[in-house]
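> If you use numbering that gives the first Met the number 0, the sequence shown closes out at 240, no skipped numbers anywhere.
Hints were generated in silico from the structure; no laboratory data involved. These figures come from a predicted structure and were not determined experimentally. Glycine residues also receive a C-beta, built at the ideal position from the N, C-alpha and C atoms. Take the hints with a grain of salt, since some may be wrong.
With a straight-line Cα cutoff of 16 Å, these simulated EDC-like cross-link-like pairs (lysine to aspartate or glutamate) come out [claimed, not checked]:
1. Lys14 to Glu198
2. Lys14 to Glu210
3. Lys161 to Asp119
4. Lys161 to Glu225
5. Lys161 to Glu210
Computed beta-carbon distance windows for the label pairs [to be verified]:
6. Val167 to Ala55: 24 to 32 Å
7. Gln88 to Asp189: 16 to 24 Å
8. Arg176 to Gly151: 36 to 44 Å
9. Gly217 to Asp51: 32 to 40 Å
10. Thr202 to Arg25: 34 to 42 Å
11. Arg25 to Asp136: 36 to 44 Å
12. Leu227 to Arg201: 29 to 37 Å
13. Ala12 to Gln96: 39 to 47 Å
14. Val167 to Asn56: 12 to 20 Å
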Amino acid sequence: MPNKFLSHDEQRAPKVERLFTQLAPRYDLANDLQSFGLHRLWKRRVVRLALDGAPANARVLDLCCGTGDMTFEAQRQGAALAVGVDFAQAMLDVAQQRRRAAGAQVFFARGDALRLPFADASVDAVTIGYGLRNVADIEQCLREMLRVLRPGGRLVILDFGKPANQLVRVLYAGYLRAALPLMGWLFHRDAQTYVYIIESLRTFPAQRGIETMMRHAGMTNVRVFEPLLGTMGINYGERTT
């Protein structure tokens, strides 16, 4: 049966928004459980890569920010301005609650990853965690992120990966098939909420495909990091000067 939250046509965006509206209240807890807390380490690494060598007044855009993990981390690591953008208002509501509770000087705004409300060359770094897989047009999203990056700015992408090792791939797929429906039912009484991840990975180019896209887009110093035996992928690149 097709996943009710996944579509490859004009319905993709509203279906994904409906999914994340449903996930928002327990999103952070579910991330901790399904990754055994490791997602926090990977997100810190993404922000370190984004800000390493950045100017003292660095401006960071955290796209598809969700509840704001990497937006807050950018501020903690010294960004002068950290802005999180997401199109799911329910996720932003959680992020705003966290901001008020922490007294953090970060900003959140609702926006479309394919039509960003920012000027050309207006930020020093762009991060995106577990979001590129969900957009309707990955190449258009890459173009938008590059458009808003200043020359020499960094783009760092974190998402589920596809391990090169066949045994690891089989074990990883087995874990996802066993754990994700259970988590969906446990947290939301709907197994399809997390089975969506498995379905979305079928057509996602993952770390090596994204690497190729970044090179084709003209980025330099393109690198790939593969935490946890490639089950996660971190793509890094810099906008040409």
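> Now tell me, hint by hint, if it's right for this structure.
Outcome of the hint check:
1. Lys14 to Glu198: holds (14 Å)
2. Lys14 to Glu210: violated (27 Å)
3. Lys161 to Asp119: violated (33 Å)
4. Lys161 to Glu225: holds (9 Å)
5. Lys161 to Glu210: holds (13 Å)
6. Val167 to Ala55: 24 to 32 Å: violated (41 Å)
7. Gln88 to Asp189: 16 to 24 Å: Given a distance of about 20 Å, which is inside 16 to 24 Å, the answer is holds.
8. Arg176 to Gly151: 36 to 44 Å: Cβ of Arg176 to Cβ of Gly151: about 42 Å, so the range 36 to 44 Å holds.
9. Gly217 to Asp51: 32 to 40 Å: violated (21 Å)
10. Thr202 to Arg25: 34 to 42 Å: violated (27 Å)
11. Arg25 to Asp136: 36 to 44 Å: violated (29 Å)
12. Leu227 to Arg201: 29 to 37 Å: violated (20 Å)
13. Ala12 to Gln96: 39 to 47 Å: Check failed, 24 Å falls outside 39 to 47 Å.
14. Val167 to Asn56: 12 to 20 Å: violated (42 Å)
Figure legend: structure checked against the earlier numbered hints; hints not met, in rising order: 2, 3, 6, 9, 10, 11, 12, 13 and 14.
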